[in-house]
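Visitor: Chain L: place on chain B using the hints.
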Amino acid sequence: SQTIHQWPATLVQPVGSPLSLECTVEGTSNPNLYWYRQAAGRGLQLLFYSVGIGQISSEVPQNLSASRPQDRQFILSSKKLLLSDSGFYLCAWVGPWLPEAFFGQGTRLTVV
Amino acid sequence: RKEVEQDPGPFNVPEGATVAFNCTYSNSASQSFFWYRQDCRKEPKLLMSVYSSGNEDGRFTAQLNRASQYISLLIRDSKLSDSATYLCAVNVGGSQGNLIFGKGTKLSVKP
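Sequence lines, in order, name chains B and L. Be aware that the first sequence starts at 1, since it is given in the numbering used here, and climbs by one per residue. Be aware that the second sequence starts at 1001, since it is given in the numbering used here, and climbs by one per residue.
Derived from the structure by calculation, the hints contain no laboratory data. Since the model is a prediction, treat every value here as computed from it, not as a measurement. Watch out, some of these pointers could steer you wrong.
[Said to hold, decoys possible] Quick look at which bits of chain B chain L covers, simulated, 3 or more residues with Cβ under 8 Å:
id : region
1  : 43–50
2  : 88–95
3  : 102–110
Beta carbons are placed, not taken as given, at the ideal position from N, Cα and C, and that holds for glycine.
With the rest of the complex left out, here is chain B (with noise of 0.2 Å):
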């Protein structure tokens, strides 16, 4: 069966300092993968998506960043945390047979 990793669970940062996130993608090959942001008492912000990899398309222009190194890797960074960035990040994937998204348990980070 097919599962995500999403790693680390909650995170405090502080302004300024960088940022890296991780999400990994099991039992499944070439899945599109993609990242969100919920901001408090808000909707799911689409981030970034990817359908290959390397392959990296930006939605929403932003001090992030998000990189797939691997087929099953999809990571998303910042070189400089600002505050207006805290919210629920979560990575999701699309399988090359059904077309719903599944999730990770996301990243609840917080900037300080």
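Guide: Here is chain L on its own, set in the frame of chain B:
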């Protein structure tokens, strides 16, 4: 017009009530449609896909209206455990695989 829109609620209903949520989408090329449930401080989980002919899963019924570009979710005989935020999602499809979510509708079922 936003790509996917939902009434944010909250919908406060008594146990046993029937409640319906609507979700509109702007891209007529959208191919796949879904309802997700999100509990407080948890990740969204797929509730059901929405098919052109409509589909039912127990107390839950989902319908798609392509002409008017909306999907709906009907919950019958509401339970306390149905309290959550319900998100609709639309996949435009194609090689870009763009999956867009609405902001969600919060449901609170009271005893």
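Visitor: State for each hint whether it applies.
Guide: Consistency of the hints with the structure:
no.	hint	verdict
1	43–50	holds (count 4)
2	88–95	holds (count 4)
3	102–110	holds (count 6)
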